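Q: This is what each chain is made of:
Protein chains: 2
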Amino acid sequence: MVGPINDDIGLHPISTSANALGRIKTVTHHEYFESYPTVKSWMKKHTNNPAQRFKNYFISYLPFLSWIYRYNLTWFWGDLIAGLTVGAIVIPQSMAYAGLAKLAPQFGLYSSFVGVVIYWFFATSKDISIGPVAVMSALTGSVVEAVHNDYPGYELHVIASALSLISGCIVFALGMFRLGFIVEFIPLPALAAFMTGSALSIAMGQIPTLMGKRFPKKEKLFFFFNTLRAVFIILLYILISWLINRHDPDHPRTAILGTVPRGFQNMGVPYIDSTLLSAFASYLPSTVIVLLIEHVAIAKSFGRINNYAIDPNQEMIAIGITNIFGPFFGAYPATGSFSRTAIKSKAGVRTPLAGVVSGVVIILGIYALPALFHWISQASLAAIIIHAVGDLIVGPTTLKNFWQVNPIEFFIFWAGVLVTLFSNIEYGIYVTVISSGVLLLFRIVKARGQFVGRVIVQQVKLFADDYVHLTTRNIYVPLDHSDGSNPTIIPISPGNGIFIYRLNESFLYPNANHYIELLVEQIFRETKPGKINPYDSLGEQPWNLKTSRHPKRDQQKDDSRPCLHALILDFTGVAHLDITGLQNLLDVRRQLDRYADKQVNWHFVGLSNPWLKRALVSVGFGSSHEGHTVFSVANIHDHIDGGENDNDVVLVPILDINRPLFHADLDEAYEAAITSLPVKDNAVIFNNNSV
Amino acid sequence: MVGPINDDIGLHPISTSANALGRIKTVTHHEYFESYPTVKSWMKKHTNNPAQRFKNYFISYLPFLSWIYRYNLTWFWGDLIAGLTVGAIVIPQSMAYAGLAKLAPQFGLYSSFVGVVIYWFFATSKDISIGPVAVMSALTGSVVEAVHNDYPGYELHVIASALSLISGCIVFALGMFRLGFIVEFIPLPALAAFMTGSALSIAMGQIPTLMGKRFPKKEKLFFFFNTLRAVFIILLYILISWLINRHDPDHPRTAILGTVPRGFQNMGVPYIDSTLLSAFASYLPSTVIVLLIEHVAIAKSFGRINNYAIDPNQEMIAIGITNIFGPFFGAYPATGSFSRTAIKSKAGVRTPLAGVVSGVVIILGIYALPALFHWISQASLAAIIIHAVGDLIVGPTTLKNFWQVNPIEFFIFWAGVLVTLFSNIEYGIYVTVISSGVLLLFRIVKARGQFVGRVIVQQVKLFADDYVHLTTRNIYVPLDHSDGSNPTIIPISPGNGIFIYRLNESFLYPNANHYIELLVEQIFRETKPGKINPYDSLGEQPWNLKTSRHPKRDQQKDDSRPCLHALILDFTGVAHLDITGLQNLLDVRRQLDRYADKQVNWHFVGLSNPWLKRALVSVGFGSSHEGHTVFSVANIHDHIDGGENDNDVVLVPILDINRPLFHADLDEAYEAAITSLPVKDNAVIFNNNSV
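Residue numbers (full-length UniProt numbering), protein chains in the order written: chain D, 1 to 691; chain C, 1 to 691.
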């Protein structure tokens with residue numbers, strides 16, 4: 001089954017006869033021969049000016065250079081306000097998230113400091129705010145706990161820092177090697193499911209803390225306050241908490257945060273060894289995915305809102321560097337935060353430099369406020385978490401929309417939410433990404449073509465109470481109206497053993513065998529074989545022809561079906577053709593030539609790239625014994641003086657004059673196929689064609 | 001980033017105003033409203049008549065019922081000759097292949113007997129011959145050896161039989177659940193690489209035996225004899241071997257086969273336990289792949305040659321059952337043989353029943369000839385193997401063709417061959433299949449659209465020395481001539497802030513973010529923003545706008561670019577649109593509306609299925625404030641009486657009259673976009689459009 005790819009070379013002549021070329025000259029003296037691309041020319045094109053490419057590649061690493069020299073006072077005010085706001089929010093949030101990561105509160109502060117301070121050098125987004133986030137913290141918590149159970153010798157924050165370092169290196173490498181496109185393989189429903197599922201599971205996990213022992217009920221009110229007010233409320237509750245517990249700090253009546261050490265207590269080279277590495281190796285894929293998708297999705301979304309484009313690769317480098325440097329300050333994995341990014345954007349941030357302002361605020365928090373943090377009640381942190389993750393949950397309107405757009409993806413979404421909720425975040429990601437991938441491949445495998453026919457349409461233009469008839473022309477719609485066109489209009493099939501088949505997916509190995517199966521079946525149904533009544537007896541008949549024991553009695557006496565004459569393949573939707581697809585075309589060509597007992601012409605329409613033509617030509621498609629009879633020319637002087645001078649007509653062919661079976665449009669192919677019919681048949685159908 | 005999918009609902013009105021519908025009535029009194037599919041209707045359509053479906057499903061399991069009642073003498077002669085030929089070939093071949101599987105010769109005979117006898121009940125191919133094959137035997141040999149090394153307690157043939165049973169069950173289950181389409185994910189270059197690589201590696205493995213100790217040189221001649229003659233040669237060499245060695249059978253001067261036991265010595269229930277199962281579990285994927293792909297590829301190929309279609313699922317059931325029953329006779333894994341299938345086909349087989357004839361021959365061999373087999377020289381068996389696998393190697397012409405069709409797949413092929421040769425068959429399969437999959441995904445990710453423009457073409461028809469000009473019409477070719485159209489013809493871009501963008505891949509999550517990036521970039525380059533000179537000072541300017549510190553001085557004094565007015569998206573090549581893709585369209589719509597400072601019209605052309613329209617309509621695409629101004633109608637009476645009676649005109653709309661922005665073709669969309677321009681602009685460009 002490997003050899004036959006060459007069987008038919010030579011059967012279809014490669015070039016049209018000199019005679020046909022001569023006839024073309026009656027129309028135009030201009031020749032056009034298309035040169036097909038070669039690997040050499042492709043290589044040359046894609047490797048020219050390597051020095052410049054290299055320079056651009058490295059300069060793109062520090063985007064702050066392109067705006068820092070224009071920094072001005074107006075920008076500064078915007079950045080100051082946004083930076084202060086984010087700084088004020090991130091301090092309680094990060095301490096709360098550190099709890100999700102099973103770490104002491106100060107590690108949240110360290111992570112948020114590194115996040116806001118490093119990012120601006122590498123930023124291609126002004127809005128995004130890097131730091132500890134709920135989902136990443138919850139994931140870190142589960143990794144830290146699992147590794148700590150197996151290897152109790154490692155401190156929790158050492159594990160978290162090592163995880164940050166390693167996953168940061170991976171993300172950085174992906175960015176450096178321009179592999180940011182892998183993020184594209186996480187579809188929106190998967191992302192939505194992962195966010196919704198983990199938000200629900202984090203929120204549910206906080207309810208015991210919120211409702212826990214010695215806990216005043218009124219703190220539920222937090223649900224109804226927006227995030228900025230949260231800071232003042234936190235201050236208020238610190239006051240309340242201090243008033244309640246100050247007399248007996250060792251046995252507080254409400255759960256309070258307790259001692260938060262002042263300054264950076266865990267600076268130093270992060271510890272990592274091979275035992276630790278192998279212990280969390282299996283968690284790395286999901287850690288990397290969570291680091292990436294949340295950040296890149298948020299950055300893109302806010303870029304669209306504020307009218308700028310981010311560079312996913314550069315953003316990956318930024319997250320990578322943040323997570324590589326973070327552990328030196330004692331940080332755990334940090335990425336773009338949805339809630340803080342939204343706040344930063346609304347506060348009117350102007351440049352990424354706002355991060356430095358937030359950094360100053362956090363430094364202040366780390367050095368000046370630990371005494372105050374002591375009195376923060378655990379319940380208020382739980383409320384902060386629940387409030388922040390609430391934004392990640394997909395609303396009912398969006399869900400309804402998912403259903404409208406694609407019911408299958410709607411189910412994938414729910415599967416993802418349920419798995420995330422009842423199993424864990426990693427499995428949730430895998431389930432949605434894999435099922436989306438299967439759906440994608442299934443769509444490719446199940447590609448089907450359509451038989452189309454011609455409809456003569458009149459195009460009209462309406463005015464206030466009248467209309468003009470602009471043009472009459474042909475369009476081609478599916479014979480079965482599967483495109484939703486008006487079923488009272490019957491498309492005209494070319495008949496006479498000519499079929500028009502439209503493909504609207506690439507012709508690649510997963511669908512190669514099925515794609516034109518339908519075409520062959522239809523041809524066998526609607527045409528008769530080239531040799532009439534070939535089987536005189538039961539013995540001559542093939543085994544798989546389903547008849548009774550008396551084939552002669554069954555045979556149609558007068559088979560009025562036409563013989564197969566030509567195929568018109570509309571390749572407008574075919575962007576790629578591979579070896580398997582081409583082999584299938586060859587197999588079908590051989591099969592149909594044998595069935596029709598003659599050489600069937602294969603007309604191609606809408607070949608949209610020269611590589612496709614190169615492949616088809618290499619096995620003999622595109623040429624014909626008959627040469628060019630119908631082809632299209634354009635008047636190039638028409639474009640210069642508006643065609644006013646009728647004598648000044650320069651007609652040039654649109655496509656290569658050596659490929660009579662490659663056509664500019666379906667009308668041309670239709671005409672060419674009809675023209676090549678034997679004269680008798682030609683006369684019969686000319687009516688259909690007299691537009 | 002999940003919420004925004006609904007943001008714009010309501011911005012674009014869902015239905016056209018009553019006024020516009022009234023205006024349409026000046027043209028036609030016939031309305032057409034398309035109903036979009038619902039999940040309920042889809043379910044109904046795909047689950048109706050379950051009883052009949054169920055019956056067909058089970059009847060399809062025994063295809064021999066559809067031809068056995070027509071069996072006749074002519075067919076019998078064909079089957080007899082083919083069956084005898086295959087039987088004669090398979091006896092020495094199967095004993096040789098058993099050696100590759102590290103088993104005694106009789107196990108090859110058992111496998112070939114079961115293969116030919118069981119298959120015909122389930123066959124949808126008359127040509128294929130099931131039995132031991134070189135590649136499968138070599139693979140079995142490596143599995144058997146590896147498992148035996150780890151667990152010496154199991155006899156070699158027990159391991160081989162258990163492997164056959166388990167992999168047979170898997171293949172059977174795949175067939176029953178109609179999962180045959182997974183074979184489609186093995187592209188032709190992967191198959192070719194696997195066959196070539198394993199053929200080379202098997203042949204190289206036989207050279208020591210061929211050239212080995214006490215071995216007459218002349219046996220090399222075997223290379224030049226065709227397979228059928230091989231049988232007589234074998235007999236001749238048995239004679240020679242007997243003449244040389246008969247005086248001292250215990251110390252033969254050439255390596256001979258030795259004692260082959262008579263009859264079925266290993267009948268019984270195959271032994272299998274969990275230790276054995278887990279020992280070869282990791283080999284099961286490759287065993288199943290080899291069982292499937294060789295058989296299905298060969299069956300399909302010979303089906304095309306002899307003009308019948310096989311059913312891959314049924315073929316999988318057939319291989320499954322063969323490998324499930326085989327072990328009860330002591331068989332090891334068997335599948336379709338390339339060399340014997342070719343011989344069977346050429347010998348003129350008529351029905352699958354030929355297998356029974358071969359079975360009788362093999363029975364004869366098993367019971368009557370073991371004494372003769374004793375004298376077969378090992379070298380002649382090695383020669384048989386080398387001769388048989390020679391057919392599997394891809395020739396230079398095919399290789400050249402691979403290169404012509406697709407240079408990347410050419411490299412995948414070589415990678416596969418080299419890995420198979422220097423590592424093993426399993427890795428060879430994995431490398432080619434995975435790299436083909438990556439290429440496939442890469443093609444989807446890298447989908448790009450094209451800007452197209454209008455070319456006015458004249459279609460001419462050539463006669464012997466003259467031509468007629470048939471029609472003049474518009475075609476749309478890429479502005480950059482990337483389709484290989486004649487570069488001297490300059491396509492007319494609509495201008496006036498109207499862009500025509502053609503997509504030729506589905507709009508799915510892997511490419512959603514990149515697909516129309518190019519469109520947005522081009523729009524920003526070629527149009528000016530809706531608000532002119534929005535930034536008076538450096539402070540008002542956004543951070544990412546690359547200017548000097550003096551933006552006013554840089555500003556273009558007179559921006560002659562038009563404002564963005566409308567987009568025409570040619571969706572002819574878009575078969576599917578998913579949630580991620582739609583979200584991206586929404587994001588871009590919001591971005592462009594903000595940029596143009598007005599509502600930009602999105603015209604769609606070539607929407608090929610109602611689900612696509614349902615998705616687009618659900619977020620407000622397709623409707624317009626302006627209502628229908630340009631639309632297409634067809635005269636349905638034209639088709640009845642040929643349009644001869646001009647008074648008898650019944651014009652009906654082609655597409656839903658409620659969706660003024662969904663168009664029948666590019667001409668209509670072009671006209672509609674131009675018409676919706678403010679009057680001033682309209683006058684400027686009317687020239688371009690006066691065809």
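Just so you know, these hints were derived from the structure itself, not from any lab. Since we're looking at a predicted model, the values are computed, not measured. Among the hints, a few may not be true.
As the list claims (entries may be wrong) - A few chain C residues facing chain D, derived, Cβ under 8 Å: (1) Lys55; (2) Asn56; (3) Asn72; (4) Arg304; (5) Glu505; (6) Pro542; (7) Arg594.
As the list claims (entries may be wrong) - In silico EDC-like cross-links for lysine to aspartate or glutamate, where the CA-CA straight-line distance does not exceed 20 Å: (8) D:Lys346 x D:Asp391; (9) D:Lys528 x D:Glu626; (10) D:Lys55 x D:Asp465; (11) C:Lys528 x C:Glu517; (12) D:Lys45 x C:Asp483; (13) D:Lys25 x C:Asp465; (14) C:Lys528 x C:Asp483; (15) C:Lys528 x C:Asp597; (16) C:Lys346 x D:Glu540; (17) D:Lys446 x D:Glu521; (18) C:Lys446 x C:Asp483; (19) D:Lys528 x D:Glu540; (20) D:Lys461 x C:Glu517; (21) D:Lys446 x C:Asp311; (22) D:Lys25 x C:Glu521; (23) D:Lys531 x D:Asp597; (24) D:Lys446 x C:Glu184; (25) C:Lys461 x D:Asp311; (26) D:Lys531 x D:Asp593; (27) C:Lys446 x C:Glu521; (28) C:Lys446 x C:Glu517; (29) C:Lys25 x D:Glu540; (30) D:Lys45 x C:Asp480; (31) D:Lys461 x C:Glu626; (32) C:Lys25 x D:Asp466; (33) D:Lys346 x C:Glu540; (34) C:Lys446 x D:Asp311; (35) C:Lys45 x D:Asp483; (36) C:Lys446 x D:Asp480.
Where is the CB? At the ideal position from N, CA and C, for every residue including glycine.
Q: Need the status of pair Lys45 (chain C), Asp483 (chain D): alpha-carbon distance at most 20 Å?
A: Distance of about 17 Å is within 20 Å: holds.
Q: Between Lys446 (chain C) and Asp483 (chain C), is the straight-line Cα distance small enough, at 20 Å or below?
A: OK: Lys446 (chain C) and Asp483 (chain C) at ~17 Å, within 20 Å.
Q: Is Lys528 (chain C) within 20 Å of Asp597 (chain C), Cα to Cα?
A: 11 Å, holds
Q: Has the given pair, Lys346 (chain D) with Glu540 (chain C), been kept, meaning a C-alpha gap of at most 20 Å?
A: Measuring from Cα to Cα gives roughly 17 Å; hence the hint holds.
Q: Need the status of pair Lys45 (chain D), Asp483 (chain C): alpha-carbon distance at most 20 Å?
A: With a Cα-Cα distance of about 17 Å, the restraint between Lys45 (chain D) and Asp483 (chain C) holds, given a limit of 20 Å.
Q: Hint Asn72 (chain C) vs chain D: min CB-CB distance below 8 Å?
A: This hint holds: Asn72 (chain C) lies near chain D, its Cβ roughly 5 Å from the closest one there, short of 8 Å.
Q: For the pair supplied as a hint, Lys446 (chain D) and Asp311 (chain C), is the alpha-carbon distance within the 20 Å limit?
A: 16 Å, holds
Q: Please verify whether Lys446 (chain C) and Asp311 (chain D) have alpha carbons no more than 20 Å apart.
A: 16 Å, holds
Q: Does the structure keep Lys528 (chain D) and Glu540 (chain D) at a Cα separation of 20 Å or less?
A: 18 Å, holds
Q: Quickly compare the C-alpha distance for Lys461 (chain D) and Glu626 (chain C) to 20 Å and report which way the hint goes.
A: 13 Å, holds
Q: Sort out whether Asp480 (chain D) lies within 20 Å of Lys446 (chain C), counting only the CA atoms.
A: This hinted pair is violated, its Cα atoms lying about 32 Å apart.
Q: A closest beta-carbon separation below 8 Å is what the hint needs, so does Pro542 (chain C) meet it against chain D?
A: With Cβ-Cβ at 7 Å, under 8 Å, it holds.
The structure shown violates the earlier hints numbered 1, 2, 9, 10, 14, 20, 22, 25, 29 and 36.
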